[in-house]
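Student: Please build the complex by placing chain B on the supplied structure of chain A, with the hints as guidance.
There are 2 protein chains.
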Amino acid sequence: MVKIGQLAVVGATGAVGKEVCTLLERRSLSVGTLSLLASARSAGQSIKVNDRNITVQELTEKSFHGVDYAIFSAGGGVSKKFAPIAKAAGCVVIDNSSAFRMDSDVPLVVPEINPGDLDYHQGIIANPNCSTIIMNMVVWPLHRENPVRRIAVSTYQAASGAGQAAMQELTSQTADVLAGWPVEPKVLSHLIAFNLFSHDTPIGQDGYNQEERKMIDETRKIFHVPDLPITATCVRVPIPRAHSESINLSFENPISASDAREILSTAPGVRVVDDAIANHFPMPIEATGQDDCLVGRIRQDVSQPGGCGLELFVCGDQIRKGAALNAVQILECLAG
Amino acid sequence: MVKIGQLAVVGATGAVGKEVCTLLERRSLSVGTLSLLASARSAGQSIKVNDRNITVQELTEKSFHGVDYAIFSAGGGVSKKFAPIAKAAGCVVIDNSSAFRMDSDVPLVVPEINPGDLDYHQGIIANPNCSTIIMNMVVWPLHRENPVRRIAVSTYQAASGAGQAAMQELTSQTADVLAGWPVEPKVLSHLIAFNLFSHDTPIGQDGYNQEERKMIDETRKIFHVPDLPITATCVRVPIPRAHSESINLSFENPISASDAREILSTAPGVRVVDDAIANHFPMPIEATGQDDCLVGRIRQDVSQPGGCGLELFVCGDQIRKGAALNAVQILECLAG
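So the sequence lines, in the order shown, correspond to chains A and B. To convert a position in the first sequence, counted from 1, into our numbering, add 10. To convert a position in the second sequence, counted from 1, into our numbering, add 10.
These are computed hints drawn from the structure, not numbers from a lab. No experiment lies behind these values; they were computed from the predicted model shown. Just to be clear, a hint being listed does not mean it is correct.
Same chains, same names: a pair is fine if it fits in one copy or spans any two.
Stated by the list, open to error - Result set (DMTMM-like, lysine to aspartate or glutamate): computed pairs, CA atoms no more than 25 Å apart in a straight line:
id: 1; residue 1: Lys-196; residue 2: Glu-296
id: 2; residue 1: Lys-196; residue 2: Asp-285
id: 3; residue 1: Lys-58; residue 2: Glu-68
id: 4; residue 1: Lys-58; residue 2: Glu-262
id: 5; residue 1: Lys-13; residue 2: Glu-262
id: 6; residue 1: Lys-196; residue 2: Asp-129
id: 7; residue 1: Lys-28; residue 2: Asp-115
id: 8; residue 1: Lys-90; residue 2: Asp-129
id: 9; residue 1: Lys-91; residue 2: Asp-115
id: 10; residue 1: Lys-58; residue 2: Asp-301
Only chain A is shown next, with the shape it has when bound in the complex (with noise of 0.2 Å):
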């Protein structure tokens, strides 16, 4: 049992937020105080924590007073501004926002990974991009047998990636449609109902949008290997809170389909589902609610010279690992 003097959520009342909430009943922790911080618009509110009812406060510069961790999931503006004021107050603040991720003073982890990287931070370590976790979660544990050296990946993303008001819109929107209603996008900046779309993050330069940039950067940081190649396709997909990920992969060894099986069946937090007979695969609705990255489709690539190349389907929770869980397993190992 891990014991934690003083905690606070920031943003505990979003989907990430409130899905930290759930896993601090469920992990080996414990908690002392628990404060649950949101804007003033969400202050107020009673969240029940391991049945205790907390009243989400207002989050202020005078929050973290006497508060030894705190988990933000609110934006990244709300980090930029805050989490420099929890850390003056000697907080060691996890931040699921992009805002400090690519600091190098900041530690970027995904605990099954690079769990040594805690040692370095500052005060402030990040949690990476959802797509990042799910992805690195499947290639590291091949990676370390035989250095990759290529990633090309092309994401099915859940609208739980751009927050609970997406989610939302998902449902009613797809209502709409059904009910031969017009519909308009509201939260998303397309239709999401019967619709898929690029990621609608700005692109950059290079044609990359954001989202594909972090899968790009984060995870060269995560491996710590700055130059490796990898490219990546991030699209909106019509599905509630799983993050799906289509990803071939370049070895500098050759590989085969059950030797990648081998490995990856003793990974921590991966479960193999790779039924070729049943066609039983990774699928949203199982990954949904689920602690493990699903992964199957584990093949050779056809295309790759030498038995290099390997083809692989994820599907993870985008909110559990994806954010909220691996944002609560930096805090054990931190506070462990």
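Tutor: Here is chain B on its own, set in the frame of chain A:
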């Protein structure tokens, strides 16, 4: 105006058959006699073509006397049995199933790509797989300018690829999920409402499913490059009738995004939708009901050396260019 004496549409009450009827109205085709054929179960239904109600007749061994051309869209079993019968009766068959696609005496044709292959037909011409057609429409124009050395594709395939009943299942199952009712897959083998899954065709020894194998083998045949390295991951998504594909290409020589955009902007049957500032790229909802395949996210692949890689995202109407339109275009080539 292309004149045809007698045309039969086999599988006239299916999703593709109905679309063929619609296209006969829109295209420059003058058909003397149109026979609509289907199973005994569907015979007797009436379909309006060019303001005339035509009664669907039962497909029998005698259906092809005097028929000049037949478009088959009733599945592989029907094609295997009746296409040879039609051919023996002097009818030229355009077959939408996979039954004859890889036969050496059967041309596999996308009219924008290899219309010359029609010359060697022996009475049967195969219409390629829908995902193959949509991919080839954008890869071929680039390949002509700069030989493609490898294709790696991940698909986002609509329910329509599994027929009309699958499209209906998507709608009704989604409504049931929203209503909180229990759901059970009937047409598709896994839940399609708010879910996605690996294309549910049998998996071969090499781990690739039949849909992926079609994309690989058919592209090689259409391009006349029998050993072209191709890998594919085919996934069914909860979208009604337009397929999307994330395509990663390797070329013999360097190619810039602007080179590719210029080539694709003049390619027949292709429309470039690639507005990075408005974040507007191909979407199934905008490809639905369109003859053209939409292509965007055109960018140089940062993971490939020497500027020889490209990333593309394409959407095409599965029933239209993925099936019915391509078949009607073949008919126009043959009869023109």
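Student: What are the numbers of the hints the structure violates, in ascending order?
Tutor: Hints 4, 5, 6, 7 not satisfied by this model.
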